[in-house]
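If you're matching them up, the sequences are chains Y and D in order. Residue numbers for the first sequence follow my numbering, so the first one is 1 and each next one is one higher. Residue numbers for the second sequence follow my numbering, so the first one is 1 and each next one is one higher.
Derived, one-sided and incomplete: chain D residues facing chain Y with beta-carbon distance under 8 Å:
id : residue
1  : 39
2  : 59
3  : 62
Below, in silico cross-link-like pairs of lysine to any residue (SDA-like), each with a Cα-Cα straight-line distance of 20 Å or less:
id : chain 1 : residue 1 : chain 2 : residue 2
4  : Y       : 114       : Y       : 146
5  : Y       : 114       : D       : 224
6  : Y       : 114       : D       : 222
To give a feel for the contact side, a few chain D residues facing chain Y, derived at Cβ under 7 Å:
id : residue
7  : 36
8  : 37
9  : 38
10 : 58
11 : 60
12 : 63
13 : 65
14 : 66
Hints listed in this document are in silico derivations from the structure and should not be mistaken for laboratory results. For clarity, every value in this text was computed on a predicted model and none was experimentally measured. Every residue gets a Cβ at the ideal spot worked out from N, C-alpha and C, and that includes glycine.
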Amino acid sequence: MTHDVIVVGGGIIGLSVAWRAAAAGLSVAVMDAHTGGGASHAAAGMLAPVSEVTYTEEPLLRIGLASLDLWGEFAAELDDPATPLDFGTSGTLEVAASADDLAVLDDLARFQDKLGLPVERLTGRECRRLEPMLAPGITGGLLCARDAWVDPRRVVTALRVRLRRLGVPLIEERAERVEDIDAGAVVLAAGSWSGGLAALPVRPVKGQILRLRGPKGFLGRTVRGLVRGSHAYLVPRGDGELVLGATQEEMGFDTTVTAGGVWELLRDAREVVPGITELELAETYAGLRPGTPDNLPLIGPVPGTRVIAATGHGRNGVLLAPFTAETVVRTLTGGEPGELAAACDPGRFAP
Amino acid sequence: MDDLNGAGGLPGADELVIAGERFGSRLIMGTGGAPSLDVLDRALAESRTELTTVAMRRLDPEAPGSVLDLLRRRGIKVLPNTAGCYTAGEALLTARLAREALETPWVKLEVIADERTLLPDPVETLDAAEKLVADGFVVLPYIGDDPILARRMEQAGCAAVMPLGAPIGSGLGIRNPHNIELIVESAGVPVILDAGLGTASDAALAMELGCDAVLLASAVTRAQNPALMAAAMRDAVVAGRAARLAGRIPRLRHAQASSPSR
Numbered sequence: 001m002t003h004d005v006i007v008v009g010g011g012i013i014g015l016s017v018a019w020r021a022a023a024a025g026l027s028v029a030v031m032d033a034h035t036g037g038g039a040s041h042a043a044a045g046m047l048a049p050v051s052e053v054t055y056t057e058e059p060l061l062r063i064g065l066a067s068l069d070l071w072g073e074f075a076a077e078l079d080d081p082a083t084p085l086d087f088g089t090s091g092t093l094e095v096a097a098s099a100d101d102l103a104v105l106d107d108l109a110r111f112q113d114k115l116g117l118p119v120e121r122l123t124g125r126e127c128r129r130l131e132p133m134l135a136p137g138i139t140g141g142l143l144c145a146r147d148a149w150v151d152p153r154r155v156v157t158a159l160r161v162r163l164r165r166l167g168v169p170l171i172e173e174r175a176e177r178v179e180d181i182d183a184g185a186v187v188l189a190a191g192s193w194s195g196g197l198a199a200l201p202v203r204p205v206k207g208q209i210l211r212l213r214g215p216k217g218f219l220g221r222t223v224r225g226l227v228r229g230s231h232a233y234l235v236p237r238g239d240g241e242l243v244l245g246a247t248q249e250e251m252g253f254d255t256t257v258t259a260g261g262v263w264e265l266l267r268d269a270r271e272v273v274p275g276i277t278e279l280e281l282a283e284t285y286a287g288l289r290p291g292t293p294d295n296l297p298l299i300g301p302v303p304g305t306r307v308i309a310a311t312g313h314g315r316n317g318v319l320l321a322p323f324t325a326e327t328v329v330r331t332l333t334g335g336e337p338g339e340l341a342a343a344c345d346p347g348r349f350a351p
Numbered sequence: 001m002d003d004l005n006g007a008g009g010l011p012g013a014d015e016l017v018i019a020g021e022r023f024g025s026r027l028i029m030g031t032g033g034a035p036s037l038d039v040l041d042r043a044l045a046e047s048r049t050e051l052t053t054v055a056m057r058r059l060d061p062e063a064p065g066s067v068l069d070l071l072r073r074r075g076i077k078v079l080p081n082t083a084g085c086y087t088a089g090e091a092l093l094t095a096r097l098a099r100e101a102l103e104t105p106w107v108k109l110e111v112i113a114d115e116r117t118l119l120p121d122p123v124e125t126l127d128a129a130e131k132l133v134a135d136g137f138v139v140l141p142y143i144g145d146d147p148i149l150a151r152r153m154e155q156a157g158c159a160a161v162m163p164l165g166a167p168i169g170s171g172l173g174i175r176n177p178h179n180i181e182l183i184v185e186s187a188g189v190p191v192i193l194d195a196g197l198g199t200a201s202d203a204a205l206a207m208e209l210g211c212d213a214v215l216l217a218s219a220v221t222r223a224q225n226p227a228l229m230a231a232a233m234r235d236a237v238v239a240g241r242a243a244r245l246a247g248r249i250p251r252l253r254h255a256q257a258s259s260p261s262r
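Isolated chain Y, as found in the complex (with noise of 0.2 Å):
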């Protein structure tokens, strides 16, 4: 036996349980043919338990919450003047595209008050004078200041960079069997992929998202739209990028981006914002998000085997990566995993 630990999937998740393992003195391994190449690189990075918080969803919100207080010292640690994260904390500002909108939003506002969670109210002109290029049709919007935002690809990259310095090593191989790796213990953080190499119920989520590019300071904060009842967000770069998503599909694991996906998150994102139809469009992609029956991920041992499931952690994957490193480190070094981690144990879903 060659290593402590082999982490299956190199994606945020794994990359960042690996890092933290080997931080804690671990011998560790990560195993991925394409090792980012995953949800990571379709992500979008919002950080944003507060904005997309949702009825029936309290222990998701909970679990969120403490993995974005993970965040600032996780970003510290990792950010450095070569791989920079484009680490933002402005908050999210979310606004409603008509009347309707407006009351779905109103209705959101007092759900997040009853939860005690900071959001401020704001008039359309309010929302107008933080985020000028809104549309003028704006009826209102939210302040969610603790909401932050990242890169998630730059977080892969300055992951990659530190595990090299802590000499673990990438093997570039698909994992066939979980079965056959020969370690202490095996990580299955192999995102939509996880369900074919346990008995674990995660299925693939399809999600269409495009990279915008223009002018530096297009926006100053994550901006989400609410148009006629769906969601549209953009998310921006320090680097001029902007990031517009996200559809949500049942496809299997079908990645085609379609003219339907794409030209529906066009249409929302220019009603909130119409400038956007001046920049470039210059990347459409579709990944695809490890979904679960209860949205909740999946962290902790599978029950009957000696993996440890990093998985199904749905849209929430590079908000949870923190909190799930530090609990399955938790449970590698023999520790409690944590009150707020029983929730995604994955005997939860044993027959």
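Go by the hints and put chain D onto chain Y.
Positioned in the frame of chain Y, the structure of chain D alone reads:
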């Protein structure tokens, strides 16, 4: 409805019959809008629905772990719909793909006229209905609350008619109860109130007006507690149906003492 049968109020079981197929529940569910599959699963269980509609666009019927798996596990009949189609041509294509993938000739026909209102296009819907019926489909068309159009759909050979209460997802309830009554009065096929319901009293009203069933999604899936709202809708449909069968008292302008005065 067991109690009603016991009381001799109803001949036999009060089943919903569409195209010869029998259903114990008169609540038909949609699957759109639920935050997660688990939440949807619990809501469907509480609703006790036996027929549930699924949008065939943006869904791969072969993909494991999808909403279709969930319906199969619960033994709920799948009613594929053509949501997202704007022309009869698209609807035909979607219906044929659904028939092949799900091996059912049943289809909820939905041809939308515009994005803003999501109101059904009557001309395209009738055109598609005629072609689908000719092709052997069991067609349940989503239509406006127009009694004449409902009659034309029935003449075209549709297995049921599905007039709206209000625009999809609006939760405005039944905006024109009089038209729904007119549709019910002359219909020879089941009338299913589809779209616009917001809460339990809306579902009860649909049944009191004489509808044979209701179809709803958002009112449950977007509720704060979807499973509890599903239970409320289930009970409302049963209550409304019982009230319809029981026969309401006339509406009077003045009081009439409930105990006999002489």
